[in-house]
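Asker: Each chain, written out:
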Amino acid sequence: MAYSDKVVDHYENPRNVGTLDKNDPNVGTGLVGAPACGDVMRLQLRIGDDGVIEDAKFKTFGCGSAIASSSLVTEWVKGKNIDEAAKITNSAIAEELSLPPVKIHCSVLAEDAIKAAIADYKQKKGA
Amino acid sequence: MVKTPIYMDNHATTPLDPRALEAMMPYLTTQFGNAASRSHAFGWAAEEASEQARERVAALVGGSGKEIVWTSGATESINLALKGVADFYKDKGNHIITARTEHKAVLDTCKRLERSGCEVTYLPVDATGRVDPEAVRAAITDKTILVSLMVANNEIGTIHPIKEIGAITREKGVFFHVDAAQAAGKMKIDANDWNIDLASLSGHKVYGPKGVGALWVRRRPRVRLTAIIDGGGHERGMRSGTINVPGVVGFGAAAELALADMEQEQTRVRALRDRLHQAIVRDLDMVYLNGHPEHRLAGNLNLSFAFVEGEGMMMALKDVAVSSGSACTSASLEPSHVLRACGVEEDLAHTSIRFGLGRFTTEEEVDHVAKLVVEKVKKLRDMSPLYEMAKEGIDLKSIEWAAH
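Sequence order for the protein chains is A and B. Under the working numbering, the first residue of the first sequence is numbered 3, with each subsequent residue one higher. Under the working numbering, the first residue of the second sequence is numbered 458, with each subsequent residue one higher.
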């Protein structure tokens with residue numbers, strides 16, 4: 003199975019790898035997946051008081067498609083309002099990266115990571 | 458500058474040795490006769506070539522050419538051995554003993570036999586992948602007809618104590634089949650001294666061609682089989698179908714080459730394997746060897762790189778052909794059944810990489826791969842949330858992960 007050019011590009015030049023301060027009240031952290039399943043994604047979003055995502059960082063344990071999916075969503079969510087970001091679907095991610103059926107779960111995980119990060123932020127804000 | 462891509466997946470298949478190809482060429486061109494044609498020179502030449510190849514292939518297990526049944530490969534040989542013995546001796550018993558780390562060709566054949574009334578014991582292995590001979594003894598009942606084990610494992614390279622097990626099966630009067638696909642031509646196998654009754658062999662694992670294999674079937678004491686492919690009654694009725702003459706000639710030539718240089722070649726391959734291992738563990742922490750440190754194939758190195766997923770790793774090693782026990786490499790989504798049977802945790806099973814060194818592996822290639830592995834593992838660990846958490850002292854087992 004060959005990887006699409008976009009997967010290879012994100013894998014070789016991953017965008018926004020890193021860590022934000024998880025104790026910052028404006029940072030939402032989403033940790034999804036499981037080591038036993040072979041993929042774990044951590045997506046962190048710094049969200050302004052106006053609800054706009056100012057920064058996004060990820061770290062991922064997983065295959066090339068999982069790394070590419072997380073790299074892609076960090077690009078997509080930046081500058082978006084959290085309500086818009088929450089509408090990003092796994093199918094949009096899978097389509098952009100031309101993921102084969104066996105790799106769809108990677109895009110599902112990326113969607114889950116966005117939702118988990120936003121939920122963490124909202125919980126911190128008591129909203 | 459090392460030439461890429463680098464092939465380090467010699468358990469999957471080996472390249473055809475040019476000398477074996479040369480031996481095959483006449484039988485792909487001018488000497489095209491059917492070995493079963495008894496009435497003319499074309500047939501005689503083909504038969505003579507096939508008979509010579511039998512002797513050479515039988516030598517891989519220290520047997521006689523008269524005991525060789527040609528097949529299409531080790532998978533067919535294994536099917537014939539297991540189904541053939543189970544059917545022929547069904548009045549004697551219906552119990553088969555094998556191990557959890559066997560190749561799918563054995564495990565799936567056993568599952569089919571279970572559906573048709575056989576009982577199968579799947580023995581556990583120790584953490585290095587070895588079966589305890591005493592566990593074989595304990596599993597034998599008065600219904601047991603066959604024990605089937607691999608000589609060496611295709612994933613982790615672990616070599617079973619075949620001689621000790623053969624002594625037990627012979628004492629108990631139970632047939633002993635070995636899957637020797639990975640081990641043949643790479644270590645000494647003595648079917649007589651080890652009391653092996655049937656041995657499955659493959660051409661393309663010993664630098665011969667694909668699509669050809671053999672089942673060695675002991676004549677004294679005789680082992681009988683029910684054929685699974687019917688037709689013209691070739692191979693003494695055990696396997697019908699026109700002999701793949703160029704294939705068996707290439708297999709025979711490859712077997713002869715492997716045995717002639719075996720000790721020297723394995724010493725060289727083992728030294729390269731150890732060089733690769735040492736270079737990797739010198740520069741990386743939390744790298745774990747899967748399989749047995751000593752009882753293993755010379756060309757096998759199977760390592761788990763904690764916190765780096767195997768398929769992601771293989772993508773980083775894009776100019777190096779290796780293989781992984783990660784689920785991501787298969788459609789099953791389950792990590793390697795071999796590593797799981799050895800008690801390797803699922804998370805570590807997902808991080809395993811199998812390096813398979815062979816006849817054509819060079820020192821330059823080993824040094825290049827070692828350097829690349831170290832560099833890529835460091836890069837991927839910098840991207841791994843698990844590595845960061847482990848470094849912070851978080852016990853990953855204490856986290857409630859959501860399985861998906």
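Calculated from the structure, these hints are not laboratory results. Note that this is a predicted model, so its numbers are computed, not measured. Each hint should be verified, as a subset may be incorrect.
[To be verified] List of simulated lysine to aspartate or glutamate pairs, EDC-like, C-alpha gap at most 20 Å:
id, chain 1, residue 1, chain 2, residue 2
1, A, 59, B, 849
2, B, 836, A, 98
3, A, 126, A, 7
4, A, 59, B, 845
5, A, 24, B, 849
6, B, 848, B, 722
7, B, 775, A, 7
8, A, 24, B, 576
9, B, 836, A, 14
10, B, 600, B, 583
11, A, 59, A, 14
12, A, 117, B, 857
13, B, 828, A, 14
14, B, 775, A, 14
15, A, 59, B, 839
16, B, 833, A, 14
17, B, 775, A, 52
18, A, 24, A, 11
[Said to hold, decoys possible] Below, a sample of chain A positions facing chain B; criterion: calculated Cβ distance under 7 Å:
id, residue
19, 13
20, 40
21, 42
22, 44
23, 48
24, 63
25, 64
26, 78
27, 94
Positions of the beta carbon are idealized from the N, C-alpha and C atoms, including for glycine.
Asker: If a hint holds in the structure, say so; if it doesn't, say that too.
Answerer: Evaluation of the provided hints:
| no. | hint | in the structure |
| --- | --- | --- |
| 1 | A:59 with B:849 | 18 Å, holds |
| 2 | B:836 with A:98 | 25 Å, violated |
| 3 | A:126 with A:7 | 38 Å, violated |
| 4 | A:59 with B:845 | 14 Å, holds |
| 5 | A:24 with B:849 | 13 Å, holds |
| 6 | B:848 with B:722 | 42 Å, violated |
| 7 | B:775 with A:7 | 14 Å, holds |
| 8 | A:24 with B:576 | 56 Å, violated |
| 9 | B:836 with A:14 | 10 Å, holds |
| 10 | B:600 with B:583 | 26 Å, violated |
| 11 | A:59 with A:14 | 16 Å, holds |
| 12 | A:117 with B:857 | 18 Å, holds |
| 13 | B:828 with A:14 | 18 Å, holds |
| 14 | B:775 with A:14 | 11 Å, holds |
| 15 | A:59 with B:839 | 13 Å, holds |
| 16 | B:833 with A:14 | 11 Å, holds |
| 17 | B:775 with A:52 | 44 Å, violated |
| 18 | A:24 with A:11 | 28 Å, violated |
| 19 | 13 | 6 Å, holds |
| 20 | 40 | 4 Å, holds |
| 21 | 42 | 6 Å, holds |
| 22 | 44 | 4 Å, holds |
| 23 | 48 | 17 Å, violated |
| 24 | 63 | 5 Å, holds |
| 25 | 64 | 5 Å, holds |
| 26 | 78 | 19 Å, violated |
| 27 | 94 | 19 Å, violated |
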